[in-house]
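Chemist: We have chain A already, so just place chain B on it with the hints.
2 protein chains.
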Amino acid sequence: MTEPVVPAARKTYLQGSRPDIRVPMREVPLTNGDVVVLYDTSGPYTDPDQKTDVRRGLPPLRARWIAERGDTEEYDGRPVRPEDDGYRGRRSGAEGNGADGNGAPREAFPPRRPRRATGGAVTQRAYAQRGEITPEMEFVALREGVTPEFVREELAAGRAVLPANVNHPEIEPMIIGRNFLVKVNANIGNSAVASSIEDEVEKMTWATRWGADTIMDLSTGKDIHTTREWILRNSPVPVGTVPLYQAVEKVGGNPADLTYEIFRDTVIEQAEQGVDYMTVHAGVLLRYVPLTARRKTGIVSRGGSIMAAWCLAHHKENFLYTNFRELCEIFAAYDITWSLGDGLRPGSIADANDEAQFAELRTQGELTKIAAEYGNQVMNEGPGHVPMHKIKENVDKQQEWCDGAPFYTLGPLTTDIAPGYDHITSAIGAAMIAHHGTAMLCYVTPKEHLGLPDRDDVKAGVIAYKIAAHAADLAKGHPGAQAWDDALSDARFDFRWEDQFNLSLDPDTARAYHDETLPAAPAKTAHFCSMCGPHFCSMKITRDVRRFAEERGLAEEEALAEGMREKAEEFRAGGGRVYLPIAPGGTG
Amino acid sequence: MTEPVVPAARKTYLQGSRPDIRVPMREVPLTNGDVVVLYDTSGPYTDPDQKTDVRRGLPPLRARWIAERGDTEEYDGRPVRPEDDGYRGRRSGAEGNGADGNGAPREAFPPRRPRRATGGAVTQRAYAQRGEITPEMEFVALREGVTPEFVREELAAGRAVLPANVNHPEIEPMIIGRNFLVKVNANIGNSAVASSIEDEVEKMTWATRWGADTIMDLSTGKDIHTTREWILRNSPVPVGTVPLYQAVEKVGGNPADLTYEIFRDTVIEQAEQGVDYMTVHAGVLLRYVPLTARRKTGIVSRGGSIMAAWCLAHHKENFLYTNFRELCEIFAAYDITWSLGDGLRPGSIADANDEAQFAELRTQGELTKIAAEYGNQVMNEGPGHVPMHKIKENVDKQQEWCDGAPFYTLGPLTTDIAPGYDHITSAIGAAMIAHHGTAMLCYVTPKEHLGLPDRDDVKAGVIAYKIAAHAADLAKGHPGAQAWDDALSDARFDFRWEDQFNLSLDPDTARAYHDETLPAAPAKTAHFCSMCGPHFCSMKITRDVRRFAEERGLAEEEALAEGMREKAEEFRAGGGRVYLPIAPGGTG
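In the order they appear, the protein sequences are chains A and B.
The first sequence begins at 1 in UniProt numbering and counts up one residue at a time.
The second sequence begins at 1 in UniProt numbering and counts up one residue at a time.
The shape of chain A in the complex, shown without the other chains:
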């Protein structure tokens, strides 16, 4: 995994105001001498100068920054218990997925002492509100090409989050907010079959290699704590979880047996490990559950249905809602970012934008304001399945009701009739919702609704979502996004094939497709494409037009049109012929 994504590319670093602020970027040297510098999520794994070893974890980039602030301390963490990994209290017959296949615990990462706040909030938002620009803020400012002060303002206002648990010093800081590049999250989960630690870690590095800005570890079952530890220690991107999944495992899988105490204990367990953001379905209120009764597809969120089942079983208000303020205190002590879950999101086109969904969103707004009192960083999760004409309303309401907090949506899918292609049905919705202001997109793979994604599915999902995110960046007028497109367009026009491949989201696939039609090496430098062949080429004709215009330096249309006449004579006189060879492709 140390080979670069783009063989021709180099890892480069933008140097900050102090030696230990070094922001990784991907530098793509072009054959015309230009260099394009791109945002890079792939971490130290693609830097040939860094040796990585999953058994030692990544270097703790932020450790000094955290320590220097002097507002946290190490302490003896919560002891890891067998049930954290699913080895006690399991129902009989449950399948383990331990590394040896027999349920034996997976090898643990060497123990560490966690940190937490000694006093007030140690969140990036709290620092921003106090006017402090942290190294993390400067890091993301360099990464995004904006000023540190702008980053600080956005964080202070709650319009952006910088997920960075004090116990996850390994991350390369990144920011999520509508005024920054649109981000992409990839979900990963542990394998049902035995797999090595290297394999588990590799799922994360595979997703970040193709551009995932964060990952969510949605593992369940055995070894969940230990696997998460390995992932966190090796992840250069923020890691999110849904603590409810682990909590419900600890009570043998029955939502009715859940208690707030078990949930809180799970949050602390994961906080000490370094989880950067947590999905919490605190907005699924008892009175909203009946609103789903007449829906076409009811409740489709797993977390939402767990809490609905709990409310049903006890006829009590959601314990995540009733204990929200205490959770805010915990989140403030580790700098965990809220990802307020949308447990009542629509599960079909028919249910989009209904009363249940928007009732929960209103409560997300209420909770967002409460979390702000504690200096917490907050995102709001959003749908799901939404037809195109109802997408904008989701962003508008979320932005209004949640005070401009970053919106984090799953797709949305714009139709339900294409199982097997939901990375596409949802990339359409994702691009649109991001254009309207969603800050981060949770990817959907081709296996959505059908099965568990494999390596190819993860890549397909990430690429589809990088397309959606980038299309939105372009539509929002991001200058860096436009420059990237321009560089590729220029390479295309100049028939610099290698540059086209190296600038593309997936150089391997672009190159492979080109090779199928024109496999020979010289074709990579040929001044034509497979569509029109070597003798006739529309781009060639354009170059004639352009060269003429440039040589003459004529700015006015009329003058150019005049020039055309001369050009026509020159063309005929020179006997210059253009040929249209065989080969179909493209329209007209």
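It should be emphasised that the hints constitute simulated quantities derived from the structure, not laboratory data.
On a predicted model such as this, the values are computed, not experimentally measured, just so you know.
You can trust all of the hints, since none of them are fake.
The list makes no distinction among identical chains, and a pair is therefore deemed to hold if it is satisfied within one copy or across any two copies.
Cross-link-like lysine-lysine pairs, in silico, DSS-like; alpha carbons within 30 angstroms at most:
#1 390 <-> 296
#2 369 <-> 476
#3 11 <-> 296
#4 369 <-> 397
#5 476 <-> 296
#6 392 <-> 296
Modeler: Here is chain B on its own, set in the frame of chain A:
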């Protein structure tokens, strides 16, 4: 190719007012006893009761309708010449693609006598303007679920086209217009390598099998005339071409050697064969060519660059523009539909919506009005490469300047950074532009810009575009589109796996993905999905909520909330437990 797309589906026919109006549909029987009837483009090939034989062609469904009108007559058509198939006047060294690989002509389809008008226009538009409802109009009315009178009005107003050359009686009529289902075109071309007639025809049937509403034959090189004849005689969908491609072949590949006479002769050649619509780049005016000089990617349309080269070489106005009225007369005599080409469409994000593009669109508007004088049916072609925020302007201007004529766009791609994935970059733009009013979408395959699409690419392109078209139909509020989604959503909620597969755009892929995770046959009837497993399921909890609500017939929230309390007691009393098993997937 006679096996159905959906093994469980049946070919069914909607019966019109006369015995020979029978509209094919796909009837999907569901396991719950419901039947869903879907639009079907796959032609007689998927009807087990019809025997098809490519060497005899499809039955001439419309032959009687055309003859009955008494306004056309058979005549001795233009003799087929060797150069029509590229066997004379070719430059030396040109590669043939004859069936034997040595340039020997391909076997011809048995000769037929063509028809043409004896007097005035024989177009569906002209009939509509006279108040006549043709069998073709009734056919599409049944197919679309609207009244024949509505079809007539839309055709008369020029807001829709029904491409149906009098020499292509084999088609199952279809309509293209913003007030009908969004349509998808697939481009096919002949192979550079020798292939059988069956193989050439199969490219068309493969595309229509997955949902292509029309195909464009963009073949070049040898056997172009003969291959087109085989395709037309076997195509149940309208066939479009770009006659300029063949015309330039006839002059040895040099645009400068083109003449209007050669072009007109090619149009008549193709008109007699039955081509239903033709892309003609009549809007590429001499004075617009210099406007492309400062573009990032100049002229990228092949037809546009041929005409620009011709204008450059002669410094004369585009002969397609100067002879437009005579072409209108020819089009009226065969009912060929105009697809006014956009030769100056943008080839990169940077060039979108520029002066060159909109100058040509204004000329398309002028030509659209002229064609209307002749009773011609007209579509306007559109881009191309357009960032999301500039998409709507394209439709708005086209609709305004071209009097509401159907817009027919290629994508548009919403970013240029993902070669290898342009079916996705463009499905985003296609869905959006169709939502805003584009009537037909020309597909883009994953090989766009890189190479020639193979069978898998064609399928990937068609499916991506069916998604885009359907997402737009939903967003436009089409009741039939919503019903299709609802049927699939219901099947998903009820865990009717076979119904989900059978209702999907690609049942094979959906089934295969499901099999990867849950291969056993019982899993197809299992009341759970691979994401949450058999014991815990969010949809199951919802069903509990819903069943309770329905049993009690309680309409009000309060009553339902009251019911929740009873439900909670029942739940605890019955010891009914819900289990959350291992298995990741999906967010929260």
